[in-house]
Amino acid sequence: HAWQPGDALMWDNACTMHRRDPFDPAHARLMKRTTILPPAELAVPF
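Convert by adding 5 to the 1-based position in the sequence shown; the result is the number in this note's numbering.
It is worth saying that the hints were derived from the structure and are not from the lab.
Heads up, the beta-carbon is just placed ideally off N, CA and C, and yes, glycines get one too.
Be careful, since some hints might not be right.
[Said to hold, decoys possible] Between beta-carbon pairs, the in silico distance windows are:
#	residue 1	residue 2	range
1	V49	A13	15 to 25 angstroms
2	P50	G11	21 to 31 angstroms
3	M15	P44	13 to 23 angstroms
4	L42	L14	14 to 24 angstroms
5	A7	A45	35 to 45 angstroms
6	A7	P30	17 to 27 angstroms
7	A31	G11	14 to 24 angstroms
8	T21	P50	16 to 26 angstroms
9	D17	A45	13 to 23 angstroms
10	A31	A7	17 to 27 angstroms
Could you build all of it, start to finish, from the sequences and the hints given here?
Here it is, written out as structure tokens:
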């Protein structure tokens with residue numbers, strides 16, 4: 006994938022291993038976090 010302005014990324018943190026590829030620190034990165042609270046009957050117990 007070649008990132009382009011306007012691209013968005015979504016993932017499930019409970020199912021993702023954390024790592025990142027090297028990046029040029031001269032370029033700005035924008036990260037936003039959104040959390041959705043499901044109804045109790047749909048929630049995954051941890």
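Tested hints:
For the pair V49 and A13, the beta carbons lie near 23 angstroms from each other, so the given range of 15 to 25 angstroms is met. The supplied range of 21 to 31 angstroms is broken by P50 and G11, whose beta-carbon atoms lie about 36 angstroms from each other. Our hint of 13 to 23 angstroms for M15 and P44 holds, since their Cβ atoms are close to 20 angstroms apart. Between L42 and L14, the C-beta spacing of about 21 angstroms keeps the proposed range 14 to 24 angstroms intact.
The supplied range of 35 to 45 angstroms is met by A7 and A45, whose beta-carbon atoms lie about 41 angstroms from each other. Between A7 and P30 the beta carbon distance is about 20 angstroms. The supplied range of 17 to 27 angstroms therefore holds. Between A31 and G11 the Cβ separation comes to about 21 angstroms, which falls inside the hinted range of 14 to 24 angstroms. Range check, T21 to P50: Cβ separation about 18 angstroms, and the 16 to 26 angstroms hint holds.
Remark: the range hint 13 to 23 angstroms for D17 to A45 is upheld by a beta-carbon distance near 18 angstroms. A31 and A7 have their C-beta atoms about 19 angstroms apart, which keeps the hinted 17 to 27 angstroms range intact.
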